[in-house]
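Chemist: Each chain, written out:
Protein chains: 2
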Amino acid sequence: MPKKNILYAQSGGVTPVINATAAAVIEEARDNRDRIGKVLAARDGIMGALEERLIDTSRLKKSEVAALNHTPGGVFGSCRYKLKSIEENRREYERLIEVFKAHNIGYFFYNGGNDSADTAWKVSQIGDKLGFHVQCIGVPKTIDNDLPVTDNCPGFGSVAKYVAVSILEASLDVMAMASSSTKVFIMEVMGRHAGWIAAAGGLACREKGDPPQIILFPEVPFDKEKFLDRVRQSVEVNGYCSIVVSEGARTPDGTFLADAGTTDAFGHKQLGGVAPVVADVVKESLGYKCHWAVSDYLQRSARHIASATDLEHARAVGKGAVDLALAGESGVMPVIKRTGNKPYRWKIESAPLSRIANREKKMPKKFISADGFGITPSCRAYLEPLIRGEAYPSYGKDGLPEYVRPDFVYVDRTLDDFEF
Amino acid sequence: MPKKNILYAQSGGVTPVINATAAAVIEEARDNRDRIGKVLAARDGIMGALEERLIDTSRLKKSEVAALNHTPGGVFGSCRYKLKSIEENRREYERLIEVFKAHNIGYFFYNGGNDSADTAWKVSQIGDKLGFHVQCIGVPKTIDNDLPVTDNCPGFGSVAKYVAVSILEASLDVMAMASSSTKVFIMEVMGRHAGWIAAAGGLACREKGDPPQIILFPEVPFDKEKFLDRVRQSVEVNGYCSIVVSEGARTPDGTFLADAGTTDAFGHKQLGGVAPVVADVVKESLGYKCHWAVSDYLQRSARHIASATDLEHARAVGKGAVDLALAGESGVMPVIKRTGNKPYRWKIESAPLSRIANREKKMPKKFISADGFGITPSCRAYLEPLIRGEAYPSYGKDGLPEYVRPDFVYVDRTLDDFEF
Numbered sequence: 001m002p003k004k005n006i007l008y009a010q011s012g013g014v015t016p017v018i019n020a021t022a023a024a025v026i027e028e029a030r031d032n033r034d035r036i037g038k039v040l041a042a043r044d045g046i047m048g049a050l051e052e053r054l055i056d057t058s059r060l061k062k063s064e065v066a067a068l069n070h071t072p073g074g075v076f077g078s079c080r081y082k083l084k085s086i087e088e089n090r091r092e093y094e095r096l097i098e099v100f101k102a103h104n105i106g107y108f109f110y111n112g113g114n115d116s117a118d119t120a121w122k123v124s125q126i127g128d129k130l131g132f133h134v135q136c137i138g139v140p141k142t143i144d145n146d147l148p149v150t151d152n153c154p155g156f157g158s159v160a161k162y163v164a165v166s167i168l169e170a171s172l173d174v175m176a177m178a179s180s181s182t183k184v185f186i187m188e189v190m191g192r193h194a195g196w197i198a199a200a201g202g203l204a205c206r207e208k209g210d211p212p213q214i215i216l217f218p219e220v221p222f223d224k225e226k227f228l229d230r231v232r233q234s235v236e237v238n239g240y241c242s243i244v245v246s247e248g249a250r251t252p253d254g255t256f257l258a259d260a261g262t263t264d265a266f267g268h269k270q271l272g273g274v275a276p277v278v279a280d281v282v283k284e285s286l287g288y289k290c291h292w293a294v295s296d297y298l299q300r301s302a303r304h305i306a307s308a309t310d311l312e313h314a315r316a317v318g319k320g321a322v323d324l325a326l327a328g329e330s331g332v333m334p335v336i337k338r339t340g341n342k343p344y345r346w347k348i349e350s351a352p353l354s355r356i357a358n359r360e361k362k363m364p365k366k367f368i369s370a371d372g373f374g375i376t377p378s379c380r381a382y383l384e385p386l387i388r389g390e391a392y393p394s395y396g397k398d399g400l401p402e403y404v405r406p407d408f409v410y411v412d413r414t415l416d417d418f419e420f
Numbered sequence: 001m002p003k004k005n006i007l008y009a010q011s012g013g014v015t016p017v018i019n020a021t022a023a024a025v026i027e028e029a030r031d032n033r034d035r036i037g038k039v040l041a042a043r044d045g046i047m048g049a050l051e052e053r054l055i056d057t058s059r060l061k062k063s064e065v066a067a068l069n070h071t072p073g074g075v076f077g078s079c080r081y082k083l084k085s086i087e088e089n090r091r092e093y094e095r096l097i098e099v100f101k102a103h104n105i106g107y108f109f110y111n112g113g114n115d116s117a118d119t120a121w122k123v124s125q126i127g128d129k130l131g132f133h134v135q136c137i138g139v140p141k142t143i144d145n146d147l148p149v150t151d152n153c154p155g156f157g158s159v160a161k162y163v164a165v166s167i168l169e170a171s172l173d174v175m176a177m178a179s180s181s182t183k184v185f186i187m188e189v190m191g192r193h194a195g196w197i198a199a200a201g202g203l204a205c206r207e208k209g210d211p212p213q214i215i216l217f218p219e220v221p222f223d224k225e226k227f228l229d230r231v232r233q234s235v236e237v238n239g240y241c242s243i244v245v246s247e248g249a250r251t252p253d254g255t256f257l258a259d260a261g262t263t264d265a266f267g268h269k270q271l272g273g274v275a276p277v278v279a280d281v282v283k284e285s286l287g288y289k290c291h292w293a294v295s296d297y298l299q300r301s302a303r304h305i306a307s308a309t310d311l312e313h314a315r316a317v318g319k320g321a322v323d324l325a326l327a328g329e330s331g332v333m334p335v336i337k338r339t340g341n342k343p344y345r346w347k348i349e350s351a352p353l354s355r356i357a358n359r360e361k362k363m364p365k366k367f368i369s370a371d372g373f374g375i376t377p378s379c380r381a382y383l384e385p386l387i388r389g390e391a392y393p394s395y396g397k398d399g400l401p402e403y404v405r406p407d408f409v410y411v412d413r414t415l416d417d418f419e420f
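Read top to bottom, the protein sequences are chains C and X.
Residues 1 to 420 in my numbering are what the first sequence spells out, letter by letter.
Residues 1 to 420 in my numbering are what the second sequence spells out, letter by letter.
FYI, nobody ran anything at the bench for these hints, they're computed from the structure.
Treat the numbers as computed from the prediction; the structure is a model and nothing was measured.
Here a beta-carbon is modelled for each residue, glycine too, at the ideal position from N, C-alpha and C.
It cannot be assumed that every hint is accurate.
[Unchecked claim] Only part of the chain C face toward chain X is listed, based on derived beta-carbon distances under 8 Å:
1. S78
2. A170
3. D173
4. Q233
5. S285
6. Y344
7. G399
8. E402
[To be verified] Negatives, chain X to chain C, calculated, CB over 12 Å:
9. K101
10. G340
11. E384
12. T414
Just chain C, with the same shape it has in the complex (with noise of 0.2 Å):
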């Protein structure tokens, strides 16, 4: 049987680790030339996959696939594009399958969240209607954490400690403060429909009265006046409140707390920024003296205290992705399986991509703290392990990290332009 090569394509927001598993990928088809031919990486997701422009990753030097390993973003570009479902747009599934045959493409590795899972279960379906089969494998990544089946998700752990990390930091700026000047910190966090990262912020909090003393989950309506009691009652115990607030937290009604309200000097709605409506409401009702932070792009690309743990899985999928391959399985997805807390062990496993698909993994009620502003013992027994360990990339001489950006090569092109 002649060798086929592998398609790798990223999705979505990027992470610290997400060319980690690019990494893992490349270097386990290398140790399989004999079975694998070569990894094609598709510039810029699934629309370069469509649009054939295809990077030969045979072409990296071996130093240059292992600095994959401590390099943020997604070296090969990602995409925030869906395909619509087969009946919607048949030609989208054709076309990938063209590419495919074009590139002698035997396995379709589709690095990212649910709508790359939903994707890739896709595309090993329409493959075999099609008459060309290619093993579709999805390959989990991403911050949000809310992949079902998988214990957690690649990516999520080194976000996490980020902002473990910086909340701590951040605390004992305002608690050295407060005595004159600062009283409130709020630093806001990404995660729209589910509070995984937020809750990542209360692993600070090791014994009760610590910093963070306020998280604000998008699970738990906003309420004011509760609220602000605990800021409150934070100042005069503590001397200062450290808060936590996810951008999905939201009124009893639903709305974003991000889009309550600002406005700019032209009537213009503000873009996002729930931080700043939440030092608002603190000023107004209580006068206290606010500081606010907005980690935004910086949480998920700093790669600079990316967890071990979370690289260790993140190369893992990657690894687990070829070997799924190899055992010539199709429309699954290497899952990570927690076999223990105390210590903490795991374990690689196959899941069918159809117990995956657009499915969200929401947080547990039990993981929330009966007063709504906190995380329960365990949530920190499932968090815990995973921002173990420390990952640092290599520095040069200038003071800053040996981050790569490869000049890639390109494979020819054989078919004609597609059009979106």
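Since the structure of chain C is already known, use the hints to place chain X on it.
Modeler: Frame of chain C, contents of chain X only:
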């Protein structure tokens, strides 16, 4: 001569490494216990000194003192309280002398910026007038890097490293997303009066075209059309645009951009935040999708990514203060003198507080590129050594840095209460 005690106090905004200065003071004093008594630390800076709230650092274990080297914030508490002039409020100076007398203080170390240098200088004068000689030493600290005479200020190098690393990382993120989603990323950094911190973002731009493509300095009046042209150009050429904006960026008439506009739903002026204002300008005029981050306290507490050079400086000025005290000096500050760039070399010298108090070191014009959007090679040559080296804290099994908050023992009070 009976041994005299040191009174050490922290002042103004804290830094990732101010506690390392404190550690060096305590350690150096302990190494000279034949000549120096105890190091007492004022709780909450000068306020605690006036209120006679004094921490006895001789009760700290050696390991606790050592741990201060990697703990951010201000472990004894800081304050934003500036003593008025002697003419306006002689009472406060007299009270300080009273506290010094009561606790056998022979040396007053004030660890802060311009204001603190001024206070230390005034205290050195009033002591002699009141017949109680106390050696007053200013110890430099400020992330703003705006003290004159000293080559740089401990605290700044670590913030500079955080900013350079963070904008590099976030730029890799937006690069990956730009084909189908976010095209512009904006990171707000501190520096209300000078662009030192914003300039540090320019270190990430190692080659022409590298991010950040735009830095908005307080020193360069915001020219909206020129700015928008540059954003458009960068998106067209690079596919994206990465921007660092100083909180002090202002319009040609001197208005802070952050104040240029936003009001909340209730018509209240919104609290700060220049990044969302810049994002609005881009969105409204060019239609590009923007993401923005406000790093606020995160940048100045990020001990996890501190510069090793900065940490050395912070310790050296602490040791230098004790050395100056032992040499009988007063009204002086240990400052950093750069003696070479290739290789980077520096030493500690002594400078009179009268040359430092109430003066601000502006960023030289020659450090900003001709187009006003970047830094020059001479600026890079100045900044680069300051971010070199990594000085990681140790981490616990829970994946978090082992920052300390020791239980302090306070000195018994002997004076009446002090009313501000």
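Chemist: Can you list which hints this structure breaks, lowest number first?
Modeler: The structure conflicts with hints 4, 5, 6, 8, 11, although it agrees with all the remaining ones.
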